[in-house]
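Engineer: Protein chains in written order, with the UniProt record's numbering: chain X, 1 to 334; chain V, 1 to 440.
Rather than coming from a laboratory, the hints here were simulated on the basis of the structure.
Just so you know, not all the hints are guaranteed correct.
Here are the simulated distance ranges between beta carbons [unchecked claim]: (1) 158(X) with 40(V): 18 to 28 Å; (2) 283(V) with 79(X): 45 to 55 Å; (3) 384(V) with 104(X): 54 to 64 Å.
Listed below are several chain V residues computed to face chain X (Cβ distance under 10 Å; list not exhaustive) [to be verified]: (4) 25; (5) 56; (6) 57; (7) 59; (8) 98; (9) 100; (10) 101; (11) 129; (12) 130; (13) 133; (14) 193; (15) 194; (16) 223; (17) 332.
Every residue, glycine too, gets a C-beta built ideally from N, C-alpha and C.
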Amino acid sequence: MPLPVRHLLLAALGLAAVAGLLFVTGDLTALRVAAVGYTMLAVAGLQLLVGGSGQVSLGHGAFMMIGAYTMALLVLHQPSLPLAANLGVIVAVSVVAGVAVGAATARLHGPYLAGATLILAVGLPGLAHRYHQLLGGSNGLNIRTAGAPPFLDGLVTTSEWRALVVWTTVVLGLAALATISAGRLGRRMRAVRDDETAAAMAGVPVGATKVAAFVIASAAGGLAGGLQAYVLGTVTPGSFTLVLSLTLLAALVLGGIGSLWGALWASIAIVYLDVWATDLARAADLGRDVENNLPVVFFGVVLILVLRFWPLGVHGALRDLGARLRVAGSGTSS
Amino acid sequence: MREHGSRVLWAPALALVMLAAACSGAGEVGQGADVDLDVAPGVTDDAVVIGTHQPLTGPAAPGYLAVSQGAGAVFDHVNAEGGVNGRRIDYRVEDDGYDPSRTIDVTRQLVIEDEIFAMVGGLGTPTHGGVIDYLNDEGVPDVFPASGALAWNNTEEHPLTYGWQTDYTKEAKIQGEYITENFPGQDVGYLFQNDDVGEDSQAGLDQYLSDEVVAREHYESDIPDLGAQMAELENSGAEVVVCSCIPAFVALGMLEAARIGYEPQWVISSIGGDTATLQALLTEFTEDTDAEGVPADAFLDGAIVTSYMPRVEDEDDEWGRFFVEVYEEYGHGGPPTNTHMFGMTQAVMFAQVLKSAGRDLTRQSLVDALETQEWRGPGHTPFSSSEGDHGGHQGVYVVRYQSGGAIEMVQEARVTDREGGPVEEVDFERLSPEDLPFHD
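Make a model of the complete structure from these sequences and hints.
Structural biologist: Listed below in structure tokens is the structure:
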């Protein structure tokens, strides 16, 4: 089976699994499942950039912001445009932003690259204040988007519908990322990551490959931001701070930097560790101060522990476990 | 592959359905169905569950943590007195860290998992702005959001949202009138937060001060520096500075003014006028600077503050004394501030309307009680929650702070509207804590 087809089938299976999950759970889970979806797309883009091409970006949240504001502005000023067209516009805008940033940063390495992308994360939210009339300042923009289509009334709620729309986009995006990663561009990226000089001598266009990786990552980030705006119905500069960019990166490391699967564990960690830590604090009756600050501590401790014992993240740990089970299985059968 | 066939086909089919549905405009929202208010989720024989979203962590927490602490203390007091109509108030506070995307998550959690009867005092304009549609669509009464945005008073779009705080435009009009009457001919500078606070405040101030204003300086709430702004205000020769600011920026502005030797008359809005919070901030900000050891009071002496709530400094105010007593018994940590008063006043007013709604409690009966309530305090001004006007407090009074902690009432409460109407004196009698029915 050709690779793109296999990835699309996997995507369809993934979507079916999400639909099944939504079917047995309620509205609150639908919101969180949608959050896992768009976060996963953003982290997957970052995975391709960091794990695939070896460039570090501390400014990934900025691309989410670009996507989110694009979505909000489109819904506010062009309400008759269908959602699919909005998402298309968002990808185009993010690609343009990615080319602009990537072309500038492709010449930078290591800490310089990190610094340059850091500026993006710190500086971009300021635009919302600078163009107060258009972007709404620190209160941001509120939008209302169409819910479930009328003929599905009673079958799916608006939240479930939104989660399905998000995941449809996300699995298609992931299939595209997986196909790219497994193809020629992906091989070139890994060559550049491992040794730029060797890659150049082998005929890989180093600069163009790095820019391409940046552009793909920013498109995924922008799309994720657009989906977030669609689900939440509100965009504010306060949601796209440096903390978001750093969280995405930290979660990617936690999930496993070497594989797209890492993005899944990363996004689950971002959305659910917080909820679990709060529940845990409440169950143990630890008091308000502990309860409010536990999620951050919990995330940090989990990150440190995972990296101490499984340097390749959660995905690395699961792969190890799988390999051991297979060895044990073949051991008993022989 | 065959046994998976149907499932694998089903997902693309779903995708096709979505693609077809995706052809209608993303921003074209149909008219929502009418919500059913004859329900009473969260209400049992002996308890009623209410919820709120508050910044308990993050950058906004130091300023606003006190709101839910204050409200919690009042609800504890109400429960100790036997509750309201035989029901205990179960007050659930969720932390949103002042991040609108988390507000959405915790609000759903409150509505879906906790099944709250009503949302009470959700804090913040950007945060609450993201959930106001959801609450109204779900038929959850959205009582007294804690912010002065004009948006809360829109009975057409958000019939279940009831504003509470005097909105920024009304407050600014009364400030403007006070300044023209008491500081005639003096040059005025505005210092404001660059969001709806600043926008709405200027709309009110300009009705009275458009000839006197010599400088308009704004700040961004995430950039804690007022050096350029204060220098500009001094250069412009402004003798009166109207600060439509949150406490941290009032304190910063006062310190910066003191540093450059600029001594304007400060006029501070209620959102930034909590003197206890200001003292703490001033003490904190002067640590390790030349001004260390200068008593915080020295900066605040003579400042004019507008407000509508009872104040802790006011020893003649029975509600102020009552709240201090309640907080001493049920609160956590040090003495209450005016930010605690904010949450406590809200809590009393919610308990009062719950009492009016009667034992036979539904969301509809709560809404009816809100629309027909005759408000007699603890706030100092008349209050609107009637059909067609969900504006909350209608005006403000004016006090002058004196070093040593006393305040002097320099103008009794006046009311106005948010358009071009006049500022009027009112005759408003409050009931005492003993006479106001808000618990069994």
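Engineer: Hints broken by the structure, by number, lowest first?
Structural biologist: Violated: none.
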